[in-house]
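Could you put together the complete structure from these sequences and hints?
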Amino acid sequence: MGGGALGALIEEFPVILGAFWLTIRLTLASAVVALVLGTVLAAMRVSPFGVLRGAATVYVNTLRNTPLTLVIVFCGLGLGLVLDVSFSESLSTNYLWLSIIGLSAYTAAFVCEAIRSGINTVPVGQAEAARALGLTFTQNLRFVVLPQAFRAIIAPLGSLLIALTKNTTVAAAIGVAEASLTMKSLFEQHQDSVVAIFFGFALAFLVLTLPTGLLFGRLARWLKVAR
Amino acid sequence: MTEAVGSTSLVRLENVNKHFGALHVLKDIDLDIARGEVVVAIGPSGAGKSTLCRVINRLETIDSGTITFDGQSLAVEGRALARLRSEVGMVFQSFNLFAHKTILENVTLGPIKVRKIARPEAEKRGMELLERVGIASQAQKYPAQLSGGQQQRVAIARALAMDPKMILFDEPTSALDPEMVQEVLDVMISLARDGMTMLVVTHEMGFARRAANRVVFMADGAVVEQNTPDEFFTNPGTDRARDFLSKILTH
Numbered sequence: 009m010g011g012g013a014l015g016a017l018i019e020e021f022p023v024i025l026g027a028f029w030l031t032i033r034l035t036l037a038s039a040v041v042a043l044v045l046g047t048v049l050a051a052m053r054v055s056p057f058g059v060l061r062g063a064a065t066v067y068v069n070t071l072r073n074t075p076l077t078l079v080i081v082f083c084g085l086g087l088g089l090v091l092d093v094s095f096s097e098s099l100s101t102n103y104l105w106l107s108i109i110g111l112s113a114y115t116a117a118f119v120c121e122a123i124r125s126g127i128n129t130v131p132v133g134q135a136e137a138a139r140a141l142g143l144t145f146t147q148n149l150r151f152v153v154l155p156q157a158f159r160a161i162i163a164p165l166g167s168l169l170i171a172l173t174k175n176t177t178v179a180a181a182i183g184v185a186e187a188s189l190t191m192k193s194l195f196e197q198h199q200d201s202v203v204a205i206f207f208g209f210a211l212a213f214l215v216l217t218l219p220t221g222l223l224f225g226r227l228a229r230w231l232k233v234a235r
Numbered sequence: 191m192t193e194a195v196g197s198t199s200l201v202r203l204e205n206v207n208k209h210f211g212a213l214h215v216l217k218d219i220d221l222d223i224a225r226g227e228v229v230v231a232i233g234p235s236g237a238g239k240s241t242l243c244r245v246i247n248r249l250e251t252i253d254s255g256t257i258t259f260d261g262q263s264l265a266v267e268g269r270a271l272a273r274l275r276s277e278v279g280m281v282f283q284s285f286n287l288f289a290h291k292t293i294l295e296n297v298t299l300g301p302i303k304v305r306k307i308a309r310p311e312a313e314k315r316g317m318e319l320l321e322r323v324g325i326a327s328q329a330q331k332y333p334a335q336l337s338g339g340q341q342q343r344v345a346i347a348r349a350l351a352m353d354p355k356m357i358l359f360d361e362p363t364s365a366l367d368p369e370m371v372q373e374v375l376d377v378m379i380s381l382a383r384d385g386m387t388m389l390v391v392t393h394e395m396g397f398a399r400r401a402a403n404r405v406v407f408m409a410d411g412a413v414v415e416q417n418t419p420d421e422f423f424t425n426p427g428t429d430r431a432r433d434f435l436s437k438i439l440t441h
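Same order as they appear, the protein sequences are chains A and B. Taking this note's numbering, the leading residue of the first sequence gets 9, the next gets one more, and so forth. Taking this note's numbering, the leading residue of the second sequence gets 191, the next gets one more, and so forth.
Keep in mind that the hints were calculated from the coordinates and are not lab data. Because the structure is a prediction, the values reported are computed rather than measured. Careful: at least some of the hints might be erroneous.
[Unchecked claim] Below, computed lysine-lysine pairings styled on DSS-like, alpha-carbon distance capped at 25 Å:
hint: 1; chain 1: B; residue 1: Lys-303; chain 2: B; residue 2: Lys-314
hint: 2; chain 1: B; residue 1: Lys-314; chain 2: B; residue 2: Lys-291
hint: 3; chain 1: B; residue 1: Lys-314; chain 2: A; residue 2: Lys-232
hint: 4; chain 1: B; residue 1: Lys-331; chain 2: A; residue 2: Lys-232
[As the list claims (entries may be wrong)] Restraint ranges, calculated between C-beta atoms of paired labels, are given here:
hint: 5; chain 1: A; residue 1: Gly-133; chain 2: B; residue 2: His-393; range: 17 to 27 Å
hint: 6; chain 1: A; residue 1: Leu-211; chain 2: B; residue 2: Phe-210; range: 53 to 63 Å
hint: 7; chain 1: B; residue 1: Arg-269; chain 2: A; residue 2: Leu-36; range: 33 to 43 Å
hint: 8; chain 1: A; residue 1: Leu-36; chain 2: B; residue 2: Asp-376; range: 32 to 42 Å
[Unchecked claim] Computed from the model, here is a short list of chain B residues facing chain A with C-beta under 10 Å:
hint: 9; residue: Arg-248
hint: 10; residue: Leu-249
hint: 11; residue: Arg-269
hint: 12; residue: Arg-275
hint: 13; residue: Met-280
hint: 14; residue: Phe-285
hint: 15; residue: Ala-289
hint: 16; residue: Asn-296
hint: 17; residue: Tyr-332
hint: 18; residue: Ala-334
hint: 19; residue: Gln-335
hint: 20; residue: Ala-349
All C-beta atoms, glycine included, are put in the ideal place defined by N, C-alpha and C.
As structure tokens, this is what we get:
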């Protein structure tokens, strides 16, 4: 095994890189779906229709208060094995998609609440002025309320993205070979270098999440709405 | 006195009642506003003037009574209501310009999204309106970069951009620094001269005297009296109005 503690890291570098590439794809795909779904949920929660409000509230409260591992395991075993939801011939691709469903369904609940808090920062007069111009509810949200709400919650959305990046490791529970599952298998292969491998993975996560936080902090300042 | 008659009536409120919880804010309001008429609503705070303004484009619902606009009963919701609102301009006390949009975008949003007018045309018209209210040079700025008086003039241009049949002004100068009041009133006076139908909630007696056809005096949710500005200010018909006028005119 030679090469000291760093030897294992260097030797397995392509494997680690591949695992993190999967983590990144898992994060980005889930982030996009969660953002879209979260926005729809937020629109439902402020809509004039009681049924939509109720449905979105139930969804958010259920998903937000369920452990992510449960959601992922449900997606993998419940949707995948029992209900036979299939996206691909390849088993690993199928589980990848199922984990994306779980991660985005879970994260969407938090995105929804972030957007809702963003909507609360928009003075009521903005929506009233839009209504007075004759904009419909949807136009009002789309052109007046949501653009301002999003600008107010860029930093919290950054935190959600960081949380999501780390949460992708839960996909290991249904065998998706992202970073944490790969780390586990590397531990087994290089038992003399577990500390180095751990710090290698931890550092790689920092490389992903620290710039995310900085970028979103910057964006939040740039895009802030002056009142 | 210019009393609205039948066919020329643009807005008609009949027996309108409105409560905020236990508070009866509009009591059996009957009011007709004729096309081209400028009506000023005055009265002590809490009299229901702003609510009167807001029920006409249904920013507030009413509990009973009927409101007709341009011969049609006020729609309750949906697209018909949106269409009604697009025909009634509204200018708010706190301007309410869209904070994330430039001045020009504020003026063109309604025409483009509601009236489906092509952007170049909407921008051309928008610039003309900004020119008219004297803000054309600030078209690319954001609302927060403008003074209150400038913002309110943009808000008037934004309302005008929809070619409304009427404009409601809800205390348009109350949030302004004193030196900015006149620039806004000047725009409003010129609108009145051009024949725009206006309902103006204001304490600006100068505006009422110069531009209004009629003054509606409200107190405790009811219309106490209405008259021409001259008649009302020089010879109020009720104790309530005399009392109110003595308070605002003596200092």
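Hint check results:
Using a Cα cut-off of 25 Å, the hinted pair Lys-303(B) and Lys-314(B) holds, with the two alpha carbons roughly 16 Å apart. For the proposed pair Lys-314(B) and Lys-291(B), the alpha carbon gap of about 17 Å is at most 25 Å, so the pair holds. Taken as a hint, the Lys-314(B) and Lys-232(A) pair is broken in the structure, with Cα atoms around 29 Å apart against an allowance of 25 Å. Taking the CA atoms of Lys-331(B) and Lys-232(A), the gap is near 15 Å; set against the 25 Å cutoff, the hint holds.
Look at Gly-133(A) against His-393(B): about 20 Å separates their beta carbons, and that is inside 17 to 27 Å. Between Leu-211(A) and Phe-210(B) the Cβ separation comes to about 60 Å, which falls inside the hinted range of 53 to 63 Å. At roughly 38 Å, the beta carbons of Arg-269(B) and Leu-36(A) sit within the given window of 33 to 43 Å. Between Leu-36(A) and Asp-376(B) the C-beta distance comes to about 55 Å, which lies outside the given range of 32 to 42 Å.
Given hint, Arg-248(B) at the interface with chain A, holds; its Cβ is 9 Å from that chain's nearest Cβ, closer than 10 Å. Below 10 Å, beta-carbon pairs count as interface contacts, and Leu-249(B) has one with chain A at about 6 Å; its hint therefore holds. Satisfaction of the interface hint for Arg-269(B) is found here, the shortest Cβ-Cβ separation to chain A being roughly 7 Å, below the 10 Å cut-off. For Arg-275(B), the suggested interface contact is upheld, since its CB lies about 4 Å from the closest CB of chain A, less than 10 Å.
For Met-280(B), the interface hint holds, the least distance from its beta-carbon to any beta-carbon of chain A being 4 Å, beneath 10 Å. A cut of 10 Å between beta carbons decides the hint on Phe-285(B): the least distance to chain A is about 8 Å, and the hint holds. Contact between Ala-289(B) and chain A, as hinted, is supported at the beta carbon level, the nearest pair being about 5 Å apart and thus within 10 Å. Because the closest C-beta pair between Asn-296(B) and chain A is about 9 Å apart, less than 10 Å, the hint holds.
Because the beta carbon of Tyr-332(B) sits about 6 Å from the nearest beta carbon in chain A, less than 10 Å, this interface hint is met. Because the beta carbon of Ala-334(B) sits about 4 Å from the nearest beta carbon in chain A, less than 10 Å, this interface hint is met. Proximity of Gln-335(B) to chain A holds as hinted, the smallest CB-CB distance being about 8 Å (cut-off 10 Å). About 8 Å separates the beta-carbon of Ala-349(B) from the nearest beta-carbon of chain A, less than 10 Å, and the hint is met.
Comparing the model with each earlier hint shows violations of hints 3, 8; every other hint is respected.
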